[in-house]
Amino acid sequence: MPGADKETDLSERIESFLSELKRCGSGAGSLRGSAETARETTALLRRITAQARWGNAGDLMEIIRKEGRRMTAAQPSETTVGNMVRRVLKIIREEYARSRGSTEEADQQESLHKLLTSGGSSEDNFRQHFAHLKANVIEAINELLTELEGTTDNISMQALEHIHSNEVIMTIGRSRTVEAFLKDAARKRKFHVMVAECAPFCQGHEMATSLSKEDIETTVIPDAAIFAVMSRVNKVIIGTQTVLANGGLRAVNGTHTLALAAKHHSTPLIVCAPMFKLSPQVSDTPVQSHLHDLVKLTSILSKVNAHGPVFDYVPPELITLFISNIGGNAPSYIYRLMSELYHPEDHEL
Amino acid sequence: FCVPRSIAVGGGNARHEQPLLQAVLVADSFNRRFFPITKDQPRALLPLANVSMIDYTLEFLTSTGVQETFVFCCWMASKIKEHLRKSKWCRPTSPNVVHVITSDLYRSLGDVLRDVDAKALVRSDFLLVYGDVVSNIDISQALQEHKQRRNMDKNVSVMTMIFKESPPGHKTRCEDDDIIIAMDGKSKRILHYQRAQALKRLHFPMNIFHSGSDEFEIRFDLLDCHISICSPQVAELFTDNFDYQTKNDFVRGLLVNEEILGNQIHMHVTKDGYGARVSNLLMYDTVSSDTIRRWVYPITPEANFADQEGQSCTHSRHNVYRETGVSLGHGSQMEENVLIGRNTMIGANCTISNTVIGANCVIGDNVTLDRAYIWNRVHIADDVKVKQSVICDNVEVKHGVVLNEQCVLAYNVVVGPDITLPEGTVLSMHHPDEEDDEDDDEFLSDDNDVGYRKDKTKQKVFNPAEVGSEGKGYRWKTSSLEDTEEDELAECIWGLVLNADPESDSESEVSEGSHDLGSHPASPELDDVKVFQNEVHGTLQRGLDENISCDNLVLEINSLKYAYNISLKEVMQILIRVVLEFPFHQQGAQISTAQYSSHLLPLLKKWAPVFKNYVKRPQDQLDCLASMEEVFLERETHWAALVKVLMSMYQLEILEEEGIMHWFNQGSTTDKSQQLRRNQGLLKFIQWLQEAEESSEGDE
Chain A
-10 MPGADKETDL
0 SERIESFLSE
10 LKRCGSGAGS
20 LRGSAETARE
30 TTALLRRITA
40 QARWGNAGDL
50 MEIIRKEGRR
60 MTAAQPSETT
70 VGNMVRRVLK
80 IIREEYARSR
90 GSTEEADQQE
100 SLHKLLTSGG
110 SSEDNFRQHF
120 AHLKANVIEA
130 INELLTELEG
140 TTDNISMQAL
150 EHIHSNEVIM
160 TIGRSRTVEA
170 FLKDAARKRK
180 FHVMVAECAP
190 FCQGHEMATS
200 LSKEDIETTV
210 IPDAAIFAVM
220 SRVNKVIIGT
230 QTVLANGGLR
240 AVNGTHTLAL
250 AAKHHSTPLI
260 VCAPMFKLSP
270 QVSDTPVQSH
280 LHDLVKLTSI
290 LSKVNAHGPV
300 FDYVPPELIT
310 LFISNIGGNA
320 PSYIYRLMSE
330 LYHPEDHEL
Chain B
-5 FCVPRSIAVG
5 GGNARHEQPL
15 LQAVLVADSF
25 NRRFFPITKD
35 QPRALLPLAN
45 VSMIDYTLEF
55 LTSTGVQETF
65 VFCCWMASKI
75 KEHLRKSKWC
85 RPTSPNVVHV
95 ITSDLYRSLG
105 DVLRDVDAKA
115 LVRSDFLLVY
125 GDVVSNIDIS
135 QALQEHKQRR
145 NMDKNVSVMT
155 MIFKESPPGH
165 KTRCEDDDII
175 IAMDGKSKRI
185 LHYQRAQALK
195 RLHFPMNIFH
205 SGSDEFEIRF
215 DLLDCHISIC
225 SPQVAELFTD
235 NFDYQTKNDF
245 VRGLLVNEEI
255 LGNQIHMHVT
265 KDGYGARVSN
275 LLMYDTVSSD
285 TIRRWVYPIT
295 PEANFADQEG
305 QSCTHSRHNV
315 YRETGVSLGH
325 GSQMEENVLI
335 GRNTMIGANC
345 TISNTVIGAN
355 CVIGDNVTLD
365 RAYIWNRVHI
375 ADDVKVKQSV
385 ICDNVEVKHG
395 VVLNEQCVLA
405 YNVVVGPDIT
415 LPEGTVLSMH
425 HPDEEDDEDD
435 DEFLSDDNDV
445 GYRKDKTKQK
455 VFNPAEVGSE
465 GKGYRWKTSS
475 LEDTEEDELA
485 ECIWGLVLNA
495 DPESDSESEV
505 SEGSHDLGSH
515 PASPELDDVK
525 VFQNEVHGTL
535 QRGLDENISC
545 DNLVLEINSL
555 KYAYNISLKE
565 VMQILIRVVL
575 EFPFHQQGAQ
585 ISTAQYSSHL
595 LPLLKKWAPV
605 FKNYVKRPQD
615 QLDCLASMEE
625 VFLERETHWA
635 ALVKVLMSMY
645 QLEILEEEGI
655 MHWFNQGSTT
665 DKSQQLRRNQ
675 GLLKFIQWLQ
685 EAEESSEGDE
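Listed in order, the protein sequences are those of chains A and B. Just so you know, we're using the numbering used here here: the first sequence kicks off at -10 and counts up by one. Just so you know, we're using the numbering used here here: the second sequence kicks off at -5 and counts up by one.
Because the hints were derived from the structure by calculation, they are not lab data. Hints should not be assumed to be uniformly reliable.
[Said to hold, decoys possible] Calculated cross-link-like contacts (lysine-lysine; reagent style DSSO-like; alpha-carbon spacing at most 27 Å):
id, chain 1, residue 1, chain 2, residue 2
1, A, K11, B, K75
2, A, K177, A, K202
3, B, K524, B, K599
4, A, K11, B, K80
5, B, K182, B, K148
6, B, K80, A, K55
7, B, K466, B, K379
8, B, K265, A, K11
9, A, K172, A, K202
10, A, K79, A, K123
11, B, K524, B, K666
12, B, K113, B, K73
[Unchecked claim] Here are the simulated distance ranges between beta carbons:
id, chain 1, residue 1, chain 2, residue 2, range
13, B, F203, A, E25, 51 to 57 Å
14, A, Y302, B, S181, 48 to 54 Å
15, A, G297, B, A190, 30 to 36 Å
Backbone N, C-alpha and C fix where the C-beta goes; we use that ideal spot for every residue, glycine too.
The task is simple: from the sequences and hints, build the whole structure.
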């Protein structure tokens, strides 16, 4: 039976994606960029939409939500996966509303009073069957995929507006987005980049090698020298792992130090973050990775706890500007972008 | 092995360029270290941070890219099978296909690997692990090195063992498993492998340093992760050498016979990564706390890698993990490194640190838990204190109980109220006396325990002094008044220093190996010696009857030595004894001294080359003389023959005068041996020797 085949094939793909997520780990150890994860997640969700059995939008949302929960649980620190699930859920809502003929806008601009009185009845509205809904949803997901493909290009296109000749730019660790951003600017302008090495994983070294290959004047500095060098720096441009709902960041360890130093010297701090990194999460749980360098301290290890945090929380007040694929935004505007991207009911999967 | 391989390639595996990576997982420890816990549940299924140990092993295998795993189980095989059937490993989507192979006949790792060979399960290099290994080591590099070595010089290297660097004093080092390795620094070849436990002196055979390399390392900072990459030859070698029981036997066997068989063992040392085997409760404690402290990342409790329903938990500061439905009373504190299973209820004002609590437990008020490992459905009443103890499923701990360090409450035990259990108490619902038959099926019965059990009166009532007035359970470990065997057993479970065998020297592996076997060292070893003696006698008899050359006799005795795992010293002692008693066996015990010597002397002459083969160093001579003395002490009537034997051996150049003098002048302990030394003939002989020596000195 081809149907059953399809379904086992689908669940096999989901399983392998899940186990890959689990193994790949997060943060510094991850081999893939989050852009790739976002694309893969979306592609998988498209496949689920196409192949799973569902009669109406409500069913589909239930399936996506269920799989989404599993995917986010598999790698809680990789928020991109959850974000993509929310985006797809939003797409389904929109397509459903369009099929019904009402405008999603009206739904979203509900007043507080309306929200209070309508209760939880919104889910029931998705029970209607529309023949062309599947095709529409898939079409919309395809558009999302196209958008994802273009994010890095869209961000780096704005590079010339921010980087000027003979400036000294500081960055930390390795971010693919920042890398592309700087390289794009280097085609027209001459500038100097300081890369903080970002111990203990020292992704900064890779970043510096990659930049110097493009003939960008690059200097690697140890993390301890960030404050000392900051006075010479015109701009700090960093990437991030997640943009939180309050406009704060969850970024690689050491970013908070960098941001504080930048604030002290009133150096602008620019964050290059594609829209898919925007997460409705606010609070943050600590994520720790393995720190095997500590093994040498054996004799005390049974008495001490060794914590090796991978991410820093950077509060929004330290950030000057976000550059996303749809343009530059201040941290205070993040909540607005959030409500455009995700439906409030999907914040909790 | 060419045949199954070609079939496999023809049968659809052709699209893979590389053959599947296979693993053999031995889900049985073949020992009783976790007794009495393992009476109810096999070790591989014991929960470690609320996940069965075998799941950790399978996760490790899967994440290193193993595509096919053979799980071998013996003890409680059906439980393991059932567990695996329900787990994610047996889902059709699993990237790692798990086959369960069960048999009651497996007694050791050797049996398992012989079965692997018999069933032709492995087609190429495979991983060999136990079902209680927790690891996140990336072995791909080791695997590549192994393959390279095998390609380079035609399958000489049969095995690559994975070691983790961990200096002495490291927590994951377990004293039982301390090893000393001599290796070739360049090629990473293992030259000598020895367990260091309780050894004061170490011996390294000289020949290992003549192997052509100029870089040697002798390392004591390595931890055997019990993960090895084996080639299919390993299984074949186990089949060829039916006496190999453990990996230890195998490694030592290969190293000793390296020149003959031409097989080598290599090693791979990893600096990062975590790998440890839960070989006893102390290791259980260590590995659990390491898991919770996230040293085995990405295998962490909140990852829910086993993918069980409802197992997902949240991770917050100070490594506190909570599964769903946990309720915590007012004023209770989870200080650090705490994992609490789903639907567990904790009362008010509790202090919990470094503790794992399973699912559906109920814990009362004012409870203090430190380094406690509490499994599922445990009830703990108010005002209980627990320190570094293991509490198994369905245990009830009543009001006011204090558990001191290293207590074990096995399944379904009830303790209390108001009792303090001393350090190292082991309570179980199984009476220590009941050595049920099913047990004997699974484990070789250990004679020491049986002996002890018969001593003890068969009392089947619970002792309120041991478990409290409402308690249920029998105490396994008793105070120091009781037999030392009991101490040994209880300490084994925590893996502390085992009763050091006073005779353990470099050959102590005989007893080491049998730990893994599940049999007790003492009795089988004795049997082996006896059987060996009979065999040597038979061999010599045959040699006499069929006029076999001495070289062949030596060869036969050597092979017997390996078959029964007899040390060289013992071989010599037994050989002397057999030869000296030979005339009695042939002519009957009542022969006169004259007849005896007339029979013996030609034999000595005939077999002189055999003796020469074994008696080489001065120490050997002393041993040889000592065993002669022993034989003659048993037969007082034939003392006169001793001097003749000595004389003839001196003339045959088996014994040298210094050796004899040294032996003679040695302070003897017993009256009888002093008597022997005052024997007229002997004194004359000694005098003659002295004169001969002096005259020879004079000649110079």
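Here is what the structure says about each hint:
| no. | hint | verdict |
| --- | --- | --- |
| 1 | A:K11 x B:K75 | holds, 25 Å |
| 2 | A:K177 x A:K202 | holds, 16 Å |
| 3 | B:K524 x B:K599 | holds, 26 Å |
| 4 | A:K11 x B:K80 | holds, 21 Å |
| 5 | B:K182 x B:K148 | holds, 17 Å |
| 6 | B:K80 x A:K55 | holds, 21 Å |
| 7 | B:K466 x B:K379 | holds, 19 Å |
| 8 | B:K265 x A:K11 | holds, 23 Å |
| 9 | A:K172 x A:K202 | holds, 10 Å |
| 10 | A:K79 x A:K123 | holds, 14 Å |
| 11 | B:K524 x B:K666 | holds, 25 Å |
| 12 | B:K113 x B:K73 | holds, 23 Å |
| 13 | B:F203 x A:E25: 51 to 57 Å | holds, 53 Å |
| 14 | A:Y302 x B:S181: 48 to 54 Å | holds, 49 Å |
| 15 | A:G297 x B:A190: 30 to 36 Å | holds, 32 Å |
The structure is consistent with each of the numbered hints, conforming to all of them.
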